[in-house]
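Novice: Listed below, chain by chain, are the residues.
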Amino acid sequence: MNVAPRPRPGDPKVTPALVAEHGLTEDEYQRVVRMLGREPTFTELGIVSALWNEHCAYKHSRPLLRTLPTKAPWVLQGPGENAGVISIGDGIAVAFKIESHNHPSAVEPYQGAATGVGGILRDVFTMGARPMALLNSLRFGSLDSPRARYLFAGAVKGIGDYGNCVGVPTVGGEVVFDEAYEGNPLVNAMCIGTMREDELMRAVAQGVGNPIIAVGARTGRDGIHGASFASADLSDESEAKRPQVQVGDPFTEKLLLEASLELIRSGAIVAIQDMGAAGLVSSSAEMAARGDVGVTIDTAKVPTREPGMAPYEILLSESQERMLVVAKRGREDEVRRILGKWDLTAAVIGEVIEEPVYRVTEGDRVVAEFPGTRLVTDCPTYTPPAQESAEITALRARDVSRVPERPEEADPLWTLTRLLDAPTIASKTWVYRQYDSTVRTNTVIGPGGDAAALRIRGTTKGLAAKTDCNGRYCYLDPRMGARIAVAEAARNVACTGGRPRAITNNLNFGNPRKPEVYHQLKEAIAGMAEACTALGTPVTGGNVSLYNEHPGGAVYPTPVVGMVGVIESIDHITRSTFERSGDEIILLGEPTNELGGSEYLHTIHGIVAGAPPSCDLEAEQALIDALLESIALGAVHSAHDCSDGGLAVALAECSIMNRARMRGAEVDLSSWASLPLRALLFGEAQGRVIVSTAASNVVLASAKRHGVPAQQIGWVRASHTLRIRVADRVIEAPLAVLAEAYHEAIPRRMSRSAAAVEVAFTAATPA
Amino acid sequence: MSRFRVALHIVPRRGLLDPQGKAVADALHTLGFKSVEDVHVGRHVVVELDARDATAAEKEARAMCERLLANPVTEDFEIATVSTS
Amino acid sequence: MSRFRVALHIVPRRGLLDPQGKAVADALHTLGFKSVEDVHVGRHVVVELDARDATAAEKEARAMCERLLANPVTEDFEIATVSTS
Amino acid sequence: MKFGIVTFPGSNCDFDAYHAIVDALREEAVYLWHKDHDLAGADVVILPGGFSYGDYLRAGAIARFSPIMTEVAAHARRGAPVLGICNGFQIACEAGLLPGALLRNESLKFVSEPVQLRVENADTLFTNRYEVGQRLTMPIAHGDGRYTADDETLDRLEGEGQVVLRYVHSEGDADEYWSPNGSMRAIAGIVSAQGNVMGLMPHPERAVDALLGSSDGIGIFESMLARVAA
Ligand SMILES: Nc1ncnc2c1ncn2[C@@H]1O[C@H](COP(=O)(O)OP(=O)(O)O)[C@@H](O)[C@H]1O
Ligand SMILES: [Mg+2]
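Residue numbers (my numbering), protein chains in the order written: chain A, 8 to 774; chain B, 2 to 86; chain C, 2 to 86; chain D, 832 to 1061.
Hints were generated in silico from the structure; no laboratory data involved. Mixed in with the good hints, there may be bad ones.
Claimed, not checked - Partner residues are not named here, just some residues of chain B that face chain A (Cβ under 7 Å, in silico):
hint, residue
1, M2
2, A26
3, V47
4, N72
5, I80
6, A81
7, V83
As the list claims (entries may be wrong) - Straight-line alpha carbon distances no greater than 27 Å define the calculated DSS-like cross-link-like pairs of lysine-lysine that follow:
hint, chain 1, residue 1, chain 2, residue 2
8, C, K23, B, K60
9, A, K78, A, K66
10, A, K348, B, K35
What the hints assert, rightly or not - Across the chosen pairs, the derived CB separations fall in these ranges:
hint, chain 1, residue 1, chain 2, residue 2, range
11, D, Q1025, C, D51, 26 to 36 Å
12, A, G96, D, E989, 32 to 42 Å
13, D, D982, A, D350, 56 to 66 Å
All values reported here derive from a predicted model rather than from experimental measurement. Heads up, the beta-carbon is just placed ideally off N, CA and C, and yes, glycines get one too.
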């Protein structure tokens, strides 16, 4: 049967106004008409607008994403699936992916962040992998703003409550506070899962006659057009869309997780996918397109939470904790039995068909029908004009070495303490104390170190992972900033003893129709491609979040990198804090006279300018090789990378990060007397790692072998002081003073505020 | 000025998923309370405050709900009772 | 049989620490609601059920509180209202 | 010796408990499904951590009505060992196997960190491998760990030596009590009057391998082994 759907009683008439409201351009609408050979019905209009929005269709990013390196012998699944997958040897595969929930979190931080975690967990376990760890990457405005404190407290609690309940440890991440994110926070969640290579599952619909089954929560009116909403500038109107927030149910998620893994292992299904953005429509259309098959869906068969829902609503609902399954015909009962064990319901709502169409019926009335897979494939892509903003060009060109020092800086201890008290640098214990980081007993190094390190049961191997990005660098120079994001993530992974293997990424940018924003996107992707190629870490997936703007303007371009590395032997796992008094301290890499884009300029002078530090990718690779070699030789007691705040902050962190076991140090930096003091202490030169060792000869030798500048700069001491000798003087920093600044910075700011209470009180958490 | 006791109800907004209500309803069924059709769980807040009169007390309580007690995105509130204490 | 709507309150037993109440009171002060003297936070549960009459509905709801909804060690409950819905 | 580990739909530490028994203690362990009606011949029952049925109402409130809990209660009445960890402690209290209740942390925040515990009674089924005053390091990870009971109950617990573990400060050697969650009298773990049921908020099953930070928790399981096997 191939009857054109007739308008459904009660559906609004499709007018130009309605089309515009659905976010389709005139040209896009004409494509639809051409594809159908007729005007679309209201239901069809909704379907197209949901699938052709930025979030699902990657209209403005796909051509650029194609330029990313995606291949390596160990990559089992690159971009295009729910998550990327790499092999780590021993027949074990690791699935991982990052996803953003920026706009929902801006409106309702607790539920927005919680459902973000839920979505990324589903992306990973639908590949057949058991989630073993969660990470996140967060950006908020300054903690001096009550709204920022509320969003921060809410997002953190939402992430914690969801992951804690499902029972997946949150082992790492990053949090940055900057005015640039005021009103438009970034909430990116990453999940990592493991499986046997032969358990890998793909979301490809196949087999004419196979039933399509809706699994999990009932469908309500949640977040209808949430997908489109996630791609519109965050303006006062979207404030009015608040009721569209989705509420998460981590308990149901836990049932889905266990049931899905059982379903996949049972062999009774051919495909499974999360009903995420744009719900039933995108999951069914994407699975059909991947398998190049036809499907038919009957919305009357979908279990709903409320009576009288129209096909339009059922198709576009973003109710959480729902999955779409293509089962093997004849094995429906097996599927029902497994789901029943977990008290989940299964409803057969459609099937894979011979005929090359995407068809939706309500009972036997056809309400939407698209030819073949063109619904997915016909979406246009755009390469708009790119043009760097003159203002940013000028900022980058500014000679920041001329910025006059403040009188207080005469005492470097003052500056150092100020930097340790900057929320972006300060300890994030306030955050991860709310995350269960030890459940499932694989976490060797949890939050608080450089990268997280997990053991892989049944092997002697481990996994290292870290999310990274410095948006300020990317603002001043998107290409260099993106390179640094990759390099820094890799450095962090190497510091814990891991060989960087692959990345997932989350591109958080503003409105791509603005030439200066598209320029940032283009340059950042180019820089990311360069770094991933140079460091041998292909991109296996990710997510693009555009239109991160608010009346105040766009956020800093923030291409978050989620890096995964393999630790060849758990004996290699290395911590970042000084472990033994008497150890020698070695600096791998070298200080430079670079201050551009530094936390120092931002915190001490309120200046965002200059060129960010340059990142030499060959040097980074050599550094990683030298470091991993020393670690493998058992010579390294601790390794910590130098980033925000520079060498002085990194040394302080090695001494005070572990407040229960602080260790002093004696350091001599006079061999760089030629450098301006503030550049030496607080400059953020790349490619540097602080190592503590009892075998400096071994460490220096491997550094030499790999052509990495290295030099012993001091000793770890049992003392209560960090003593730094520079050209003409000695800086005496009492650990107690440093620790107070570093560990109390965030608690002090949060305790002064109602935000945390507001969240704890109003968030619908397990009481 | 005299002392008032304002009781408020803060309830999940209709149409939004209410996992807590759902869980309780399911549990009640398994316990044999078959007659239960639906359950919603919200918060019962009692605020003791000083105000000129009952109207002022209610007005104040309303403001508290809007500012802090109720989540504007996911919850609705109602003033249940205002009594002198 | 007809449909009833029973609203009940489950509150922390007096004398027990009520950190939510305390935290909320403090937060309200921070926000400038100086007139607040005390705050108590409990659960507001609405059960929709079928029963012969209001008395039966209330009796049923009581049983639910005793068996499940309230923790006898730390909480007290009260039936607030019974209405036909 | 055979350990039965109950799996409620929302349990998420059953896996950790299982591996603590099988990999670290090297004894036999079986999972017991919450819908089952027998304990598969387990000598010891472990109620593991997690969110049993979502715990949206009260932690453990709904779990106590599950079929397996009827068997667990009978097992306890027979004087056989039951260990409730975290959510399992909450369930044991809700089920009346242990006195008191575990309420929302005083901070209103979930708290996850390694804590220091002091052994208060080393003459129990669960702690005979330790010494009184011994310091143990174990992780906690809970939102509802504030142990609460009325004064008579607390006095009785202390009088009868039923308070087995208390939280102590991590710095310094002085046994200065404190509560990371607002627990009354810094109580971290208790045993029943008969001494065969223990509940604790810290996670001994996550502290059986030095690689992960501590192996102090293994003593709890070894203690049971020592007594029950004997
Ligand atoms: N920045 C990116 N780099 C590489 N691949 C990407 C990127 N963003 C998205 N992808 C890929 O595009 C596909 C669709 O993205 P996804 O985030 O899964 O869509 P949705 O948000 O609807 O789930 C995924 O396979 C994802 O890995
Ligand atoms: Mg996805």
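Novice: Have a go at the I80/B hint: is there a Cβ in chain A nearer than 7 Å to its own Cβ?
Specialist: Check failed: Cβ of I80/B comes no nearer than 17 Å to chain A, outside 7 Å.
Novice: Within 26 to 36 Å or not, the Cβ separation of Q1025/D and D51/C?
Specialist: Hint violated: Cβ distance 44 Å, outside 26 to 36 Å.
Novice: Are G96/A and E989/D spaced within 32 to 42 Å by their CB atoms?
Specialist: Check failed, 54 Å falls outside 32 to 42 Å.
Novice: Given the hinted pair K23/C and K60/B, is their Cα-Cα distance within 27 Å?
Specialist: 22 Å, holds
Novice: Do the alpha carbons of K348/A and K35/B lie within 27 Å of each other, as the hint requires?
Specialist: 22 Å, holds
Novice: Does M2/B pass the interface check with chain A, least Cβ-Cβ distance below 7 Å?
Specialist: 24 Å, violated
Novice: Under 7 Å, Cβ to Cβ, is where A81/B needs to be relative to chain A, so tell me if that hint holds or is violated.
Specialist: Given a least distance of 18 Å, the restraint on A81/B is violated.
Novice: For the hint on A26/B, just tell me whether its beta-carbon gets within less than 7 Å of chain A.
Specialist: Cβ of A26/B sits 13 Å from chain A, so the hint is violated.
Novice: With a cut-off of 7 Å, does the beta carbon of V47/B approach a beta carbon of chain A closely enough for the hint to hold?
Specialist: 14 Å, violated
Novice: Do the alpha carbons of K78/A and K66/A lie within 27 Å of each other, as the hint requires?
Specialist: Within the cut-off at roughly 23 Å; holds.
Novice: Does the CB of V83/B sit less than 7 Å away from some CB of chain A?
Specialist: Violated. Min distance 21 Å.
Novice: Could you see if the CB distance from D982/D to D350/A stays within 56 to 66 Å?
Specialist: 41 Å, violated
This entry does not satisfy hints 1, 2, 3, 5, 6, 7, 11, 12, 13, going by the numbered hints stated previously.
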